[in-house]
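*Asks:* Going line by line, the protein sequences match chains A and B.
Residue numbers for the first sequence follow numbering that gives the first Met the number 0, beginning at 0 and rising by one.
Residue numbers for the second sequence follow numbering that gives the first Met the number 0, beginning at 0 and rising by one.
Hint data in this document are derived by calculation from the structure and do not stem from the laboratory.
Please note: incorrect hints may appear among the correct ones.
As the list claims (entries may be wrong) - Stretch-level coverage of chain A by chain B, calculated; a stretch enters the list once three of its residues show a Cβ under 8 angstroms from a Cβ in chain B:
hint, region
1, 86-100
2, 192-205
Said to hold, decoys possible - Pulled from the structure, derived: some chain A residues nowhere near chain B, Cβ distances all over 12 angstroms:
hint, residue
3, Q4
4, R18
5, Q19
6, I219
7, L242
8, Q244
9, R245
10, G250
11, R255
12, Q260
13, Q284
14, Q288
Each residue gets a CB set at the ideal place from its N, CA and C atoms; glycine is no exception.
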Amino acid sequence: MLQIQQLSKTYADGTRALRQLSLHAGRGLFGLLGPNGAGKSSLLRTIATLQSADSGTLLFDGIDVLQEPQRLRAQLGYLPQEFGVYPHLSCRALLEHIAVLKGLHQARARREQIDQLLALTNLSTVAGKTVAHFSGGMRQRFGIAQALLGDPKLLILDEPSAGLDPQERAQLHNVLCEISRDRLVLLSSHIVDDIEQLCPNVAILLQGEIVLQGDTQDLIGPLCGQIWQAFGADIELPPQAQLLQRSYQRGIPLQRVFAPQCPGADFSPVAATLQDRYFLALAKQEATQ
Amino acid sequence: MKLWPLLLNEWRFCRVQPLFWLSVVLALAFAALVHLNPGAVDAQPVKALLLRHSMLLMTIQPLLIGVLASLLLLRDSQHGISALIEVTAQSRRQRLVVRALGLWLCAALLQLCFVLLVALVFSTTYADVTGIWRWSWQLLLVQQLPALALLTALALWCSCRSQSPIVLYLQGAAVWLGYMLLAAATGSPLMANSQSISPLLSQLMVYLDPYALTPVLAQLRQSGEMPAALSQLNTTFWLNRLLIITLAGLLCWRALQHKPAASNQRKPAATTDIPLNAVALQYQPCPPQQLRPAPVFTALLRLQWQQLCFQYSTLLAMLALCLLVFSEVYTGLGYAEAFSQLVPDSRDALNRVSGDVLPRFGLLLTAFWAHQLSWLNRQARIDGLIAATPQPSALLLMSQFIVLSGLVLLLVLLSLSAVALAQMLLQVPLDLAEYGRQGLLILLPLWCWALLLLACHALLRQPLWANLAVAGLLTFGLSPLPDLLQLQHPLWRIGQSQLQLPDILWGYQGTLGSTAQSFAGDIYHGGFWPYLWFWALLAISLGTLALQFYHRGTGFSRPKLVAALTPLTAATAICAALALLQGLHIHQRLDAAGALQNRDERLAKRAAYERQYQHWRTVPQPVVQQVKLQVNLDPHTQQAKISATLTLHNPHAQPVSQLLLGFPGLQTPTELQQLQGGQAVADIDNNLGQQVFNIQLKPGTSTTLQLQYFLQQQGITPAPSHQIIRPEFSYLRLLQLLPQIGFVPELRLRDDAERARFGLAPLPASETQPSVLAAHHTPASARYDWALLDTTIAVPVGYQGIATGALLKTWQAEGQQFFHYRTEAPVRNVPALIAVPWQKQSSEAAGVPLEIYSPEFNTATDLTMQAMQQTLTWFSQNIGAYPGDALRLVMMPDIGPTGYALPQLVLINHRVGLRAKPSADAPFSQVYRRAAHEVAHQWFGHGIGNGVAGDSAFLVESVTKYAELVLLEQQFGVAAMQGLVDFEQQRFARAQAGSLAAASSLIDAEESYDQYSRATLVFARLRAELGDAVIMAALRQLWQQHRYPLPPASAMDFVRVLRAQSPASKLPLIEQLLLGTDIRQLLNEE
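With these hints in hand, go ahead and build the complete structure from the sequences.
*Replies:* Quick look at the structure:
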């Protein structure tokens, strides 16, 4: 569905946000991982037709997005990482407004979908309240609702679970899984767990480049049997071991490493995760610099 | 609390804020551009220093503090960091004190820069460098720092009451505007041509003027000169400073006492009690329909309208403008001039605001709303969501334009309603058609601006750049910057036309260029529509460009465009081409009207003229003996064909072999000229409009010069004040057209600085200073330029043709009415003619026919006729017989002067001469006074008072003030005369207090307040000390000894005859009043 070839973007201050980036994504949920400043939002904004690229091609379902942005917008749902709302407008009124802008001209159908989305995002009881006074989580749910308005074939969600509590997050996952059956959902998140749970396909973006891309399971598979963890802060690692993460478990320091063989007596093998793949990619990137 | 580290912290914050630097740089640039140019050397540098600093305070500081206050005082709430700052160890009061102090220091440091710059500029211009620097520091200390403290305290108080930056911006704008209005209402010299409208207000300003200018001026009005040191400023000044500092302290105290609400942020809507869906819901897509613009457009309009209309700033701005408009109309509608009330109508009511208040403030509000609309989505941080919807950019932009146009329409409607309300309260009948006309003339340019400004915001991706571009456009559209940069072309005044206020006498003919009474005017050649077309086309072309390059409200780079010829690109190209063509059309018309020459170019021509032709002063030249004119004037087509025959006579003992003909304006407008017996030599100077003829004119012989002119009035620029051809009023003073013989000394530059700029030595006092040039006798070069005038005017039937001389004959032929006038004796060679479609009222006095031409006749015209009769009779009895055949007075439109006299003709502005009546408290009638003054010019001005190059206006304007005093006393009693003296005394005190001119004697005076007001006071004093008999005897003697063809009189001749007529004991007084420079005695007279 989405084909990106050699996409580059440099901002006026010299920041190279995208460097010859190529990416392919079919129907379903597609995860985009990367640290802050990796270029995720730049990529998503470019796909969402909000900014131009310096070079490269961007095709969605046969539409040349860079040349015909209007055609893509007709089938786009977009939730930016940060957004605001107009003052004084109720949740329903603002959804109505955006729905009209999205081309939902039949009042009845529009109302029905808005009601359904309000229910889906748990906003029915506050539909008449001013969105500007919503809490962070409620506002995020409103953002998801507006992105789902209409029948978007491409759904771009930049950090959709930010500000949601665990229950809301689970609800969101349900919705995303359901809707991704016949459309492409591009999901950008810092929470690797979310991506791992939801996305069969994933790409890792570092410094404007895709460093890894593919089936999530295929990316994790090669790490099986090579991920180890140990409790303790001052455990020495052999040279062939790559420290992936230092964290805590109930206050006790925990080290997670990648090594072909067991790196020490304190270590025990654990199942590989997408997060391990992500940290390994980050570590490799740091090592090459 | 350690203050210094906290202040340093403020500085660390400020130095990285672009808005801070932008404000500072703009303020400095504005100050440098507008106020720091040395300009003319003023005679009173300390007063100039005071005025310049007052101007800087008035124009810059309120706006600067308004902007910086939002940055410094509201930064926590604006950037959502309140919670972090409020939990620090610093108390709220400490925080406020430090920030207010920081704000005051910023403003003070900038003011210090102004002080240094102004002092440096003044130091290079004036000799007393020490005095300049001393006064600069003292003024900074006592004038500027307390004023800045008050402005800072006000901003602090406002910031504690409201957390909205808009409130602070509006407060800054209100102080800025409010002080200007107060300055105008109290006759401050900072506002040109303003006068005090209320003594109480002026008195209040003495104590409450934050910039302390009013108390200094009040002291100047008493003493007549600037205090030599700060210690000599009177107690009123110090009381003012004390009050201002106290007020600042009070505001600070109130601000610190103010307790903010518990939280500025609303409580978020509750979420915890909302149960999650127990049953998983399914997403049901709703496929969008085919895009239909109408519902989307409606939704966009509704939302944007709601967002803008229900903002406090919008409501407040609308309300403020309506109040301003109402107060301007309600308080000023009946004002014609001091002691004179206008009988107003709707046009007068609308004229109070349609020329400046509404267009200017309307434009500022349009710019403000354009900014809000353009960046509405971005400010609400919803730009990404909206930009990603499938709506075409055209629809988004069009909706903005419609909403902005609607707001402008609402603004104009509300303002006009405020005018109508004021009019109804004053019981003036409403003329709704006039409201419609003027409303349209205000609306159309504002709509053009709306499109232009939205296009700027749409094309530029960053609000900062877009706002800078808009600020640039507004600066060129509203400020005098183009003039300061010597950009003479009217198209530099962005978005402006040459529209002038309609006049009740000639409707919109002044600038719309209408060839009939129609409102529509001339869309090709008028002064409004061609400009409107130009700006509209430009705005449309930018608008269509914006449709293609619109960033859709985000700050990101715009999507790439397909390089292809689309209907939009074609529309842009066509509109731009049409705008270019229209611009060229305007330029050509302006060029044809001679309106493109700037002041420097004119001065350079005059300097070149002096350099190249001054040797002709010694070359014998003939004089004009007779001027015969045949004029075919068609007011409807705004054309005139003039055939002139000048009889040139050689009065010298030697033959005239060469003739220098100079054409006024140093241009050659003639199409054909024939000089009998002459032949043009190679020296034809088209640049300076000079032609040299070889001629053989023996002593005592004459020859003729024939010229033909064709005049086509150019409506694209306002008509020159003495060359108007319009259906309702036509007036040609032919001095502007007919050639001048020989070198004309009056064309030389007089100002020393200007002469130096063009490489000319200063003119000697013996040529420029009346008391020196005629110190002992009238200079030998003096000669009368008088001639017999014979004028035949052809006008359409129904029009009156009016000229100088006796009306010999009038007849009709070929559908035209002919009038033939001839003077029986030579008169001053200033031929003029007037054509109006009105009737006349006739009378006579001392055997002289008197006529008044007016669209209507009322008590004002009766009084005018009475003044003509009585003035003519008094002069005939006491000075000398009327030097003419008839006297004709014609009402003229409101084109500047209130009265103007020509030989045997008088023009009176209808606003003060026809439609005015004395106010209830008037001690005298201005209608009578003005008519008497202009009639008196037939003796002093066009009788004697001409013929001495370099003489002052004393014999013209000052002596006629004496006639006013005598005639008012004679006809209306002593109280009326004393009323005039009191009035002129106040005018003089105010004008001289604000003047930067050097003190001069009345005889040498060049300032109008000296020539009129001071002269009134001097003659009142002379009357009291010498008596009318002595003064009249002196005037009579002057008349008898110097009237044509005797040698011309100078001002000093009056001094000599007055001395001769007066007792010896009064000679020192005469010396002091007429030749002395000390005015204190006049100021302290009550």
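*Asks:* Hint by hint, say whether it matches the structure.
*Replies:* Checked hints:
{"no.": "1", "hint": "86-100", "verdict": "holds (count 8)"}
{"no.": "2", "hint": "192-205", "verdict": "violated (count 0)"}
{"no.": "3", "hint": "Q4", "verdict": "15 angstroms, holds"}
{"no.": "4", "hint": "R18", "verdict": "17 angstroms, holds"}
{"no.": "5", "hint": "Q19", "verdict": "18 angstroms, holds"}
{"no.": "6", "hint": "I219", "verdict": "28 angstroms, holds"}
{"no.": "7", "hint": "L242", "verdict": "35 angstroms, holds"}
{"no.": "8", "hint": "Q244", "verdict": "31 angstroms, holds"}
{"no.": "9", "hint": "R245", "verdict": "29 angstroms, holds"}
{"no.": "10", "hint": "G250", "verdict": "28 angstroms, holds"}
{"no.": "11", "hint": "R255", "verdict": "33 angstroms, holds"}
{"no.": "12", "hint": "Q260", "verdict": "46 angstroms, holds"}
{"no.": "13", "hint": "Q284", "verdict": "27 angstroms, holds"}
{"no.": "14", "hint": "Q288", "verdict": "28 angstroms, holds"}
Hint 2 from the list above is the single one not met by this structure.
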